[in-house]
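Generate the whole structure from the sequences, applying the supplied hints.
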Amino acid sequence: MYLAGIQSKMSSQSRQGCLTELRQIPSLQRKILDNQGEIRRLSQRHSHFGSFLFLGRNINYPSALEGALKLKEISYIPAEGYAAGEMKHGPIALIDEYRAVVCICTQSRIYEKMVSNIQEIRARRGRLIILATESDKEINHLSREVIHIPKIDEFFSPLLVILPLQLMAYFIAVKRGCDVDQPRNLAKSVTVE
Numbered sequence: 019m020y021l022a023g024i025q026s027k028m029s030s031q032s033r034q035g036c037l038t039e040l041r042q043i044p045s046l047q048r049k050i051l052d053n054q055g056e057i058r059r060l061s062q063r064h065s066h067f068g069s070f071l072f073l074g075r076n077i078n079y080p081s082a083l084e085g086a087l088k089l090k091e092i093s094y095i096p097a098e099g100y101a102a103g104e105m106k107h108g109p110i111a112l113i114d115e116y117r118a119v120v121c122i123c124t125q126s127r128i129y130e131k132m133v134s135n136i137q138e139i140r141a142r143r144g145r146l147i148i149l150a151t152e153s154d155k156e157i158n159h160l161s162r163e164v165i166h167i168p169k170i171d172e173f174f175s176p177l178l179v180i181l182p183l184q185l186m187a188y189f190i191a192v193k194r195g196c197d198v199d200q201p202r203n204l205a206k207s208v209t210v211e
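Numbering (the working numbering), first residue to last: 19 to 211.
These aren't lab readings, by the way, just hints derived from the structure by calculation. Being a predicted model, the structure only gives us computed values, none of them experimental. Ideal Cβ placement from N, Cα and C applies to all residues, glycine included. Keep in mind that the hints are not guaranteed to be accurate.
[Stated by the list, open to error] Below, in silico cross-link-like pairs of lysine-lysine (DSS-like), each with a Cα-Cα straight-line distance of 27 Å or less:
1. K131 - K169
2. K169 - K49
3. K169 - K27
4. K90 - K27
5. K106 - K90
[Claimed, not checked] Restraint ranges, calculated between C-beta atoms of paired labels, are given here:
6. E156 - T38: 43 to 51 Å
7. V198 - D52: 18 to 26 Å
8. Y94 - S26: 47 to 55 Å
9. Y94 - Q137: 29 to 37 Å
10. Q137 - R59: 37 to 45 Å
11. Q34 - D199: 40 to 48 Å
12. D199 - P96: 19 to 27 Å
13. K131 - R59: 23 to 31 Å
14. E152 - Q62: 16 to 24 Å
Next up, the structure:
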């Protein structure tokens, strides 16, 4: 934001707005952590699935990748993160009632496109888990399995989205009896060059 200001790419008012939102992140994250019980229940209901697909668009595509990575690392469930815009180029063939599909569908410029992806997954009987903005009541018509996160600017949404994804991985791994403190093969790979 500082560099954008120096280069006149961002107004002082816009920078102040961003800083105000950024300062709210810790309290919004706390709100998500206070809702762990619902995330735990949802995760336990889906712990039996043999594979997961995580879909995100735009700034939350990396969040989908991270969600899949965390699930693989601690629960040993095959999981793949994918750009939702590319769903028709491969992952759509994998969707059925035996795979859980986690869709990051927060309020953003590409919200309608993500809803379209969700509708395609439903048409193929995919088992949906949706991360959505808490003010979004329409999304509840698309799946019973919705995790709501506080409303925040799209730019900062990955800072909130990642918490439910990490908690899901944790609760699924615990339900499956995995050692979340010492995942197999992981400790060695991060300590050995």
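**Message:** For a C-alpha distance cap of 27 Å, please report whether K106 and K90 respect it.
**Reply:** holds, 23 Å
**Request:** Could you say whether the range 18 to 26 Å given as a hint is met by the Cβ separation of V198 and D52?
**Result:** holds, 21 Å
**Message:** For a C-alpha distance cap of 27 Å, please report whether K131 and K169 respect it.
**Reply:** holds, 19 Å
**C-beta pair Q137, R59: status relative to the range 37 to 45 Å that was hinted** = violated, 25 Å
**Request:** Evaluate the given range 23 to 31 Å for the C-beta pair formed by K131 and R59.
**Result:** holds, 29 Å
**Message:** Range first: 29 to 37 Å. Now tell me if the beta carbons of Y94 and Q137 are that far apart.
**Reply:** holds, 31 Å
**Prompt:** Does the Cβ distance between Y94 and S26 fall inside 47 to 55 Å?
**Reply:** holds, 51 Å
**Distance restraint hint 16 to 24 Å, applied to the beta-carbon atoms of E152 and Q62** = holds, 22 Å
**Message:** Can you tell me whether the CB distance of Q34 to D199 sits inside 40 to 48 Å?
**Reply:** 42 Å Cβ-Cβ, so the 40 to 48 Å window holds.
**Message:** Range first: 43 to 51 Å. Now tell me if the beta carbons of E156 and T38 are that far apart.
**Reply:** violated, 27 Å
**Request:** Given the hint that K169 pairs with K49, test it: the Cα-Cα distance must not exceed 27 Å.
**Result:** holds, 11 Å
**Prompt:** Does 19 to 27 Å hold as the CB distance between D199 and P96, or does it fail?
**Reply:** At roughly 22 Å between Cβ atoms, P96 and D199 fall inside 19 to 27 Å, so the hint holds.
Comparing the model with each earlier hint shows violations of hints 4, 6, 10; every other hint is respected.
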